[in-house]
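Chain order of the listed sequences is S and W. No gaps in the numbering here: position 247 of the first sequence is 247 in my numbering, and each next residue is one more. Add 313 to a position in the second sequence, counting from 1, and you land on the number used in my numbering.
Keep in mind that the hints were calculated from the coordinates and are not lab data. Check each hint, because a few of them may be wrong.
So the derived label-pair ranges between C-beta atoms look like this [said to hold, decoys possible]: (1) W/LYS534 <-> S/SER98: 41 to 49 Å; (2) W/GLU500 <-> S/ASP267: 28 to 36 Å; (3) S/ILE276 <-> W/LYS441: 41 to 49 Å; (4) S/LEU122 <-> W/GLY411: 51 to 59 Å; (5) S/LEU122 <-> W/GLN393: 29 to 37 Å; (6) S/ASP269 <-> W/GLY438: 47 to 55 Å; (7) S/ARG123 <-> W/SER370: 32 to 40 Å; (8) S/LYS81 <-> W/GLN406: 30 to 38 Å; (9) W/THR448 <-> S/GLY206: 36 to 44 Å; (10) W/PRO464 <-> S/SER241: 45 to 53 Å.
No farther apart than 20 Å at their CA atoms in a straight line, the calculated lysine to aspartate or glutamate pairs in the EDC-like style are these [claimed, not checked]: (11) S/LYS298 <-> S/GLU55; (12) W/LYS377 <-> W/ASP509; (13) S/LYS147 <-> S/GLU246; (14) S/LYS147 <-> S/ASP196; (15) W/LYS523 <-> S/GLU48; (16) S/LYS33 <-> S/ASP267; (17) S/LYS219 <-> S/GLU246; (18) S/LYS86 <-> W/GLU526; (19) S/LYS208 <-> S/ASP235; (20) W/LYS523 <-> W/ASP472; (21) S/LYS13 <-> W/GLU500; (22) W/LYS446 <-> W/GLU430; (23) W/LYS523 <-> S/GLU301; (24) S/LYS13 <-> W/ASP345; (25) W/LYS523 <-> S/ASP297; (26) S/LYS298 <-> S/ASP253; (27) S/LYS33 <-> S/ASP235; (28) W/LYS523 <-> S/GLU55; (29) W/LYS377 <-> W/GLU429; (30) W/LYS523 <-> W/ASP509; (31) S/LYS298 <-> S/ASP269.
The C-beta atom is built at its ideal place from N, Cα and C for all residues, glycine as well.
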Amino acid sequence: MSSAVTKSGSVGKSGLCRRIIPCHDVANGRTVKGIKFTEIRDAGDPLELALIYEEQGADELVFLDITASHEERKTTVDLVKRVAAKLSIPFTVGGGISTLQDALALLQAGADKVSVNTSAVLRPELISEIAGTCGSQCCVLAIDARKAVDETRNSASGNDGDAGRDVGTGIRDGHTGIRDGHASIRDEQNNAVNGDIKWDVLTHGGRKNTGLSALEWGKKAVALGAGEILLTSWDQDGTRSGFDLELCRAFSDALSVPIIASGGARDADSFIDVFIQGKADAALAATIFHDSIWSIDKLKELIHQAGIRVRLC
Amino acid sequence: MTQTHDRKTDLETNAETGDSGNTATGSVELVDVGGGNIGSVMRFLERMAISYRHVQSPDQLTGKSPLILPGVGNFGAVMQHLRKNGLADPVIQSVQKGTPFLGVCVGMQILFEGSEESPNEPGLGLLKGNVVKFTHGKVPQIGWNLITPQPSVRAIYPDQEYVYFVNSYFPRPADQEVVSFTAEYFETFCAAVRVDNITAFQFHPEKSAKAGERLLTRWLKEVGVLS
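With these hints in hand, go ahead and build the complete structure from the sequences.
So, in structure tokens, the structure goes:
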């Protein structure tokens, strides 16, 4: 396993590996598959799959409870206990966490980190509550980001009074008043789009576009104590056509915390691209693993051969 | 092995066989550091079928079993918790008397005299040196990094291993001889120490898959908890 030692260069003087993270969408205690939460099919027992992925060399796991209602949360807590009793790598649990108590229940059941999404957009203090109580290292902010279709995107709600308002001071569903001068990168290379790219924050499993700048929200969340960003490209999610490299790179350049890229995983090249061009610290995928299109060890071997430091088992 | 093993809060010294196939022949005392952060070490011990006493007050600390001090979070908060609950001095005394000690993450950092994270909260001072913050790269460091055994431990830990780190700070021992493993995060840093009855890891062996299990199993065997 020490063969990776001399494979430096790609990460400079750091021995830290890029992480590969299989993600489970969980409903009623089962891992399910579906594109953008539709056509959901059973994919197996989360614990059995988790142990297979661990054996293959997964660096962490993520479990997202996609149907989390109040009753179902109990099922999730039970699942977290079962997983924690057997798994020897870190795992994150998300979905339906709207209070510090929700987060604590999952962390105490054995989750290493929790991820928050819609609830944190609605009430950003949730991030500082979790980070302040349990530490930033266990508070992951999940952002579902969608490329803004139009520079003049915010005409619908007529809320001029809120324009330019700070993300942390209050967000309503459908609020589209935030104009951001900073949520853009200039892509110096290999991109035909020679202008500013912006991304909106989606909430409620992608059903609502808040109109908020994803990048500004990310910065705000880090200031509040988020220790990692799980960044899903809504445009790429479920397409199996590669990660959104510009999105990931914009976040990685702007934020001081690790970025987990999600949405669009296709093959080893797509991971190599998101690690090098997208500067992602970690990359997450679901379908390619659940459908056994790629095994993690094979994937990591190819990433390793490209000169990127990964943990080989 | 597929047996499940419920959490034990009382000391039980029955021999059982855990997931690893090793047999538990002793128990450990797990010092509470506040913040609900000792769960992952508890579950590791449960996977190994090792019983433990969850030490929350000085009377629960017998010093007759090896001590484990885990910890995630803030240096000052952990030290305040230990002092407030009257555990700091008993831990120091136990270690000075020779009780085997294992520190994990912040449980390693507080062995030293102080930390940049909490300048007004002294550490246990069992080792000379201070805890400092990373100056480059994304902080915290999160993920798997390669640890390299130092000459003093190569006979017992010959291999480099990838292990899981979550840390913004790391200790800088005054005495380099105590460093057992180093790692690189835009600078070479102390990833583990080993001196006399003290072993400590900056990373999380309990979350480091088989590599972590090997390191922990070796320590547990050394201190007579596993055979």
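- Hints violated by the structure (numbers, ascending): When the structure is compared with the hints, numbers 24, 26, 29, 30 turn out to be violated.
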